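Peer 1: Under the working numbering, the first residue of the sequence shown is numbered 6, with each subsequent residue one higher.
Note that these hints are calculated values from the structure, not bench results.
Treat each hint with caution, since some may be false.
Listed next, with one range per pair, are the computed distances between beta-carbon atoms [said to hold, decoys possible]:
hint	residue 1	residue 2	range
1	Arg566	Pro207	32 to 42 Å
2	Ile140	Gly240	35 to 45 Å
3	Ala62	Leu234	54 to 64 Å
4	Phe61	Glu445	18 to 28 Å
5	Trp32	Glu245	52 to 62 Å
6	Phe61	Ala366	41 to 51 Å
7	Pro489	Ser568	28 to 38 Å
8	Ser59	Ile140	46 to 56 Å
These numbers come from a predicted model, not from an experiment.
Where is the CB? At the ideal position from N, CA and C, for every residue including glycine.
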Amino acid sequence: MIFIEQHQAVIALILLAAMFVVFMLEWYPPEVTATVVAGLFLVLGFVPQEQALSVFANPAPITIGAMFILSGALVRTGVLEALAGAVTGRATAHPRLALAGFVLVTLLASAFVNNTPIVLVLIPVVIRLAQVLKIAPTRLLIPLSYAGVMGGACTLIGTSTNLLVDGVARQNGIAPFSLFEITPVGLVAAACGLVVMLILGPWLLPDRGTASRGVLLGETQFLSEAQLLDDSYDGRPLGEIAELTRPGVLVSGIRRGSQTLRKALAEEPLQKGDRLILRAATSELLTLRDNEALRIGLGSSADSDDERITLEAVVTPTKSVAGRALASMSLARRFGLRVLGAHRHDHIPAPRLGEVRLKPADKLLLEGPPGALEEMSRETNLVSVSQPTGRAFRRDKAPIALAALAGVIILAAFDVMPISILGIIAVGGILALRCIDGDEAWESLDGAILVLIFAMLLVGLGLQQTGAVQLLVDTLAPLLTSLPPFLGLLAVYLLASLLTELVTNNAVAVVVTPIVIALAEPLGVDARALVVAVMFGASASFATPIGYQTNTLVYGAANYRFSDFLKIGIPMNLAVGTAATTAIWFWFA
């Protein structure tokens, strides 16, 4: 124990280096590695027990969690889907305008909503846009991620990294950052990044087909039918009905009596009793199901007082149902179930829903009483597998979700309350007004990121308590102070950027921030400028698919190689880093 007490700083740095190595080797998820090291810091006494719980008082994780829930509400109410649809809707007539629109939408949205869910929502939209423009999705998905990264760096709330750096800086005596204080630097960095993508993208972005269309399309697309129950749409052309012409809904036919219309559907006036043959994403299909003027799928309507649940089911590889048409299975009569839709991977399973002849691995979207679903799973070769991948949109609640987000932004900009408090109030409001259900709100929280943040805050506290931060400062100061102040600022940026490409950005934010604050005086640079350099260096990660969450998302969604990110990402890192450092120098130093 005496040895440990005498060499606390060195042991803490050894554990820190080991943690970074495990991060890079990816033996365990980052949050697991960070939690183990935080536990070792506690066991070794590097963090006094009375101070350990102080990390939970940091406002950054609270704000980050609130922003995740607000982002979830914007998804649930269809706001982000509507923005994306507005861009793709103009793609055919104005392709260049559509490309510029999707980049600007991503930049703007990412500045005020956590950029990770923004990119997640827009991935299938960008793939549709690529199909319309007849180009490979690999030409657009990396720019989508980069736009999300650059937009998120423009405000304090755009990315969890900025909030976390701000929280750590406060603990080290730096005055809190305002919402738009870093925006001038973010705009310069974004403008530089867009120019680099515009010039180098055509040569450096891969032009490659996708590995799996199923992965790229996001939510499951179901073949279904919608019958018009009343005269709500009588005489109105199909193309003028918003809920039937959204990007996630494709009407391929209108069945009227014994006749099926397939041509010029947008101009066709609808009539009561028409059955629309359509394909729709899960969320859109469930939204249409809630429309009282429509009856979705096969089967009779249930009493509104009945408890109904919705499940996805797959067909097992047995012979008893192979080749049977859905209409002949009488699921409504036998079990009281409604078949909302049918899906077959990479194929349209039939011209109409009732004509679908089941094959192994086909997926059905079913609705009915819980007992009926259990009975069906016992008596048939359909197996209930999960809740649906999407839920019905609550578009009537969209103004409330937008107002909640706008309230946080405006009140925080005028320093009426801290962002963390405003976030909690906004979350309470959208939950009370049912923009999003409680279970969905908690699902929208990225628990892994929050655990990682708390663990890294504990590690950061331990590095300070043991003197490890001061040891690093004493080691780096002679190297950096030999540089002119501007180059010292650039070196800090590049250090944060390099570490972010190798390990998780939130870990870099916690570890590097207190070090650069302590280096401010020897470098002759304002501490606030160095903190902003860490913000941008730890956020503007372009060169690897593991450096930032949005890069990882698009890496998994398309047929990318690791080298694809290096080719375009290294020039982006150098150009954006130089531009951001120059802006920081003029704005903060």
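Peer 1: Confirm or reject each hint.
Peer 2: Do the hints match the structure? See the list:
{"no.": "1", "hint": "Arg566 / Pro207: 32 to 42 Å", "result": "violated, 18 Å"}
{"no.": "2", "hint": "Ile140 / Gly240: 35 to 45 Å", "result": "holds, 40 Å"}
{"no.": "3", "hint": "Ala62 / Leu234: 54 to 64 Å", "result": "holds, 56 Å"}
{"no.": "4", "hint": "Phe61 / Glu445: 18 to 28 Å", "result": "holds, 25 Å"}
{"no.": "5", "hint": "Trp32 / Glu245: 52 to 62 Å", "result": "holds, 57 Å"}
{"no.": "6", "hint": "Phe61 / Ala366: 41 to 51 Å", "result": "holds, 46 Å"}
{"no.": "7", "hint": "Pro489 / Ser568: 28 to 38 Å", "result": "holds, 35 Å"}
{"no.": "8", "hint": "Ser59 / Ile140: 46 to 56 Å", "result": "holds, 52 Å"}
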